Amino acid sequence: MQKKVADEQNAKIRVAIFGSGRGTTARALLEYAREFDASYQVVLVVTNRADAGILGVAESFGVSAVVLAPRDYSDPSMFSAQMLQILETKHVECIALAGYLLKVPAAVVERFQGRIVNTHPALLPQFGGRGMYGIHVHRAVLAAGEQCTGATIHLVTDEYDAGPILEQVRVAVFPHDSPESLMARVQTAERWLYPRALDRLCHQLAYSRS
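By our numbering, the letter at position 4 of the sequence shown is numbered 4, and the numbering carries on one by one without gaps.
Hints listed in this document are in silico derivations from the structure and should not be mistaken for laboratory results.
Do not take every clue at face value.
[Stated by the list, open to error] DSS-like mimics (lysine-lysine), calculated; alpha carbons at most 30 Å apart, straight line:
1. Lys90 to Lys103
2. Lys90 to Lys12
3. Lys103 to Lys12
[Unchecked claim] So the derived label-pair ranges between C-beta atoms look like this:
4. Met78 to Arg34: 31 to 37 Å
5. Ser178 to Gln85: 41 to 47 Å
6. Ser208 to Glu59: 28 to 34 Å
7. Pro70 to Asp37: 33 to 39 Å
Quantities reported herein were computed from a predicted structural model and do not represent experimental measurements.
In this text, a Cβ means the ideal position worked out from N, Cα and C, and glycines have one as well.
Please put together the full structure from these sequences, using the hints given.
The structure is reproduced here in structure tokens:
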């Protein structure tokens, strides 16, 4: 029985979650993996902030975590090399960005091409790009008079929010919406969609690995 469980764990795609904030999106990914027979297993959490709430989320799920900040390295290449070394040590196969407020180093994007996934709180390609994150996105959606927004799960490339779109979910914009109320509804949809999209991607990765 123990061997069967071990074999099932080995068959899962090993995922690292990158985040900079409270860890609510990371929690959604971890809860889904725990409650369902997901194709992924979260083996590492990476953050750039020592006070990030995501560290507590990792601890509560028994997942290893590391603080890795660019300011601690005199050269960007040293930062990316250390990140790659940590990922390789944990045998990470896929990266899920969950509120990670840094651009992933180019060397890491290249090494994990097609295996870094991100969530964006709008219907890309609209309202994407540099500076379009968090509440800023929802303010822009309301300012543009949109009647519909949503969330997008996409692969990561060197360009902000420009990678291939995997899945999207639509969310209505109501006349009385504030940026905060709109953000709350989008986040609810986002946390439902993201684990399922990651599961499907990892299922494909596992199939191609076998």
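Hints and how they fare:
Restraint check for Lys90 and Lys103: the C-alpha separation of about 21 Å stays at or below 30 Å, so the hint holds. Proposed proximity of Lys90 and Lys12 is supported: the alpha carbons are some 14 Å apart, at most 30 Å. Taking the CA atoms of Lys103 and Lys12, the gap is near 27 Å; set against the 30 Å cutoff, the hint holds. Roughly 35 Å separates the CB atoms of Met78 and Arg34, a value that falls within the hinted 31 to 37 Å.
One distance hint, 41 to 47 Å for the beta-carbon pair Ser178 and Gln85, holds here, with the actual separation near 44 Å. Against the hinted window of 28 to 34 Å, the Cβ-Cβ separation of Ser208 and Glu59 comes to about 33 Å, which satisfies the hint. In this structure the supplied range 33 to 39 Å holds for Pro70 paired with Asp37, their Cβ-Cβ distance being about 37 Å.
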